[in-house]
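Numbering of the sequence shown is given in the UniProt record's numbering, commencing with residue 1 and proceeding in unit increments.
Possibly wrong hints are sitting among the right ones.
Each pair of labels, with its calculated beta carbon distance range [to be verified]:
#1 Lys61 <-> Glu228: 32 to 40 angstroms
#2 Ala128 <-> Ala85: 30 to 38 angstroms
#3 Pro120 <-> Lys148: 31 to 39 angstroms
#4 Lys31 <-> Arg174: 47 to 55 angstroms
#5 Ala261 <-> Glu155: 21 to 29 angstroms
#6 Arg185 <-> Gln78: 18 to 26 angstroms
#7 Lys271 <-> Asp62: 18 to 26 angstroms
#8 Arg185 <-> Lys61: 15 to 23 angstroms
Each computed BS3-like pair below joins lysine-lysine, with the alpha-carbon atoms no more than 30 angstroms apart [claimed, not checked]:
#9 Lys56 <-> Lys156
#10 Lys217 <-> Lys56
#11 Lys31 <-> Lys56
#12 Lys61 <-> Lys184
#13 Lys184 <-> Lys31
#14 Lys271 <-> Lys217
#15 Lys148 <-> Lys61
#16 Lys271 <-> Lys184
#17 Lys127 <-> Lys156
#18 Lys156 <-> Lys198
#19 Lys217 <-> Lys61
#20 Lys31 <-> Lys61
#21 Lys198 <-> Lys31
#22 Lys127 <-> Lys217
#23 Lys148 <-> Lys56
#24 Lys61 <-> Lys156
Bear in mind the hints are in silico, worked out from the structure with no lab data behind them. For glycine and all other residues, C-beta sits at the position ideal for the given N, C-alpha and C.
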Amino acid sequence: MNYRHIFHAGNPADVMKHAVLALIIDHLRAKPAPFCVLDAHAGIGRYDLDSEPARKTLEFKDGIGRLFGRPAPHPALQPYLDAVAALNPDGDLRWYPGSPRLARALLRDQDRLVVNELHPDDWQTLKAEFAGDRRVSVQHTDAYHALKANLPPREKRGLVLVDPPFEQPDEFARMAEGLATAHKRWPTGVYALWYPIKERPAVWRFQEAVENTGIRKILMVELTWHPEDTHTRLNGSGLLIVNPPWKLDETLRDMLPALHAALPSTGGGAKVDWLVPEA
1 MNYRHIFHAG NPADVMKHAV LALIIDHLRA KPAPFCVLDA HAGIGRYDLD
51 SEPARKTLEF KDGIGRLFGR PAPHPALQPY LDAVAALNPD GDLRWYPGSP
101 RLARALLRDQ DRLVVNELHP DDWQTLKAEF AGDRRVSVQH TDAYHALKAN
151 LPPREKRGLV LVDPPFEQPD EFARMAEGLA TAHKRWPTGV YALWYPIKER
201 PAVWRFQEAV ENTGIRKILM VELTWHPEDT HTRLNGSGLL IVNPPWKLDE
251 TLRDMLPALH AALPSTGGGA KVDWLVPEA
């Protein structure tokens with residue numbers, strides 16, 4: 001998958017991923033103790049939907065374009081939609097927050113954000129985006145090295161997002177190995193691993209590899225918008241969430257069908273299940 005994110009920003013995969021991310025951070029905010037968010041594949045921070053690449057694909061029209069400026073299909077989507085609205089105060093949808101901007105919008109004074117991006121041009125853009133922000137650290141290294149270098153965080157609470165561009169054929173394997181290494185360093189952290197659903201056997205192999213790490217309490221969250229009868233398109237996307245916040249599974253079982261109904265589709269649906277239970 002050749003993946004420069006500006007072509008896909010705000011599409012249905014982004015909407016699902018970022019809505020779940022916002023919910024996790026919202027749960028972390030419920031306790032007064034500080035937390036840290038580590039975004040291992042940060043991109044550029046925010047995306048201009050009026051830019052030529054975004055206008056070339058118009059993928060955002062079937063994603064955030066179906067939700068922006070309208071009542072939330074479910075109350076649990078509100079933290080995410082509020083963050084998008086805050087970036088577009090004039091009421092016109094132009095800017096879309098990537099995961100770094102979304103996380104930053106939800107931080108409190110005592111919280112911290114670490115964003116990492118390997119692509120040199122995107123790293124420079126990301127640095128400019130957060131220049132002078134004392135709560136944001138911008139790093140330029142391999143994502144899996146960033147996990148080793150930053151975990152465990154001094155706050156002892158927080159979220160790690162692993163969201164690769166899937167340009168490498170071994171990305172699924174690297175994710176599973178990276179999670180195993182990171183979890184050994186910080187077993188109590190919340191981890192969210194995003195994956196595309198294009199070829200289901202590849203997803204099964206990835207999930208089996210994660211199961212084989214021996215890590216417990218892993219929630220599987222998927223949203224598909226096409227029947228899985230072709231390998232030539234993105235049929236959906238998923239998240240594996242390690243140590244999900246309390247009752248997140250119940251909230252997502254209620255929220256994701258409402259989100260699916262609000263987005264265009266030719267089939268598919270929502271799935272929330274335990275890949276590995278707590279015990």
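Evaluated hints:
no., hint, verdict
1, Lys61 <-> Glu228: 32 to 40 angstroms, "23 angstroms, violated"
2, Ala128 <-> Ala85: 30 to 38 angstroms, "23 angstroms, violated"
3, Pro120 <-> Lys148: 31 to 39 angstroms, "21 angstroms, violated"
4, Lys31 <-> Arg174: 47 to 55 angstroms, "32 angstroms, violated"
5, Ala261 <-> Glu155: 21 to 29 angstroms, "37 angstroms, violated"
6, Arg185 <-> Gln78: 18 to 26 angstroms, "34 angstroms, violated"
7, Lys271 <-> Asp62: 18 to 26 angstroms, "20 angstroms, holds"
8, Arg185 <-> Lys61: 15 to 23 angstroms, "41 angstroms, violated"
9, Lys56 <-> Lys156, "43 angstroms, violated"
10, Lys217 <-> Lys56, "41 angstroms, violated"
11, Lys31 <-> Lys56, "43 angstroms, violated"
12, Lys61 <-> Lys184, "41 angstroms, violated"
13, Lys184 <-> Lys31, "25 angstroms, holds"
14, Lys271 <-> Lys217, "17 angstroms, holds"
15, Lys148 <-> Lys61, "37 angstroms, violated"
16, Lys271 <-> Lys184, "28 angstroms, holds"
17, Lys127 <-> Lys156, "25 angstroms, holds"
18, Lys156 <-> Lys198, "35 angstroms, violated"
19, Lys217 <-> Lys61, "35 angstroms, violated"
20, Lys31 <-> Lys61, "36 angstroms, violated"
21, Lys198 <-> Lys31, "38 angstroms, violated"
22, Lys127 <-> Lys217, "35 angstroms, violated"
23, Lys148 <-> Lys56, "37 angstroms, violated"
24, Lys61 <-> Lys156, "39 angstroms, violated"
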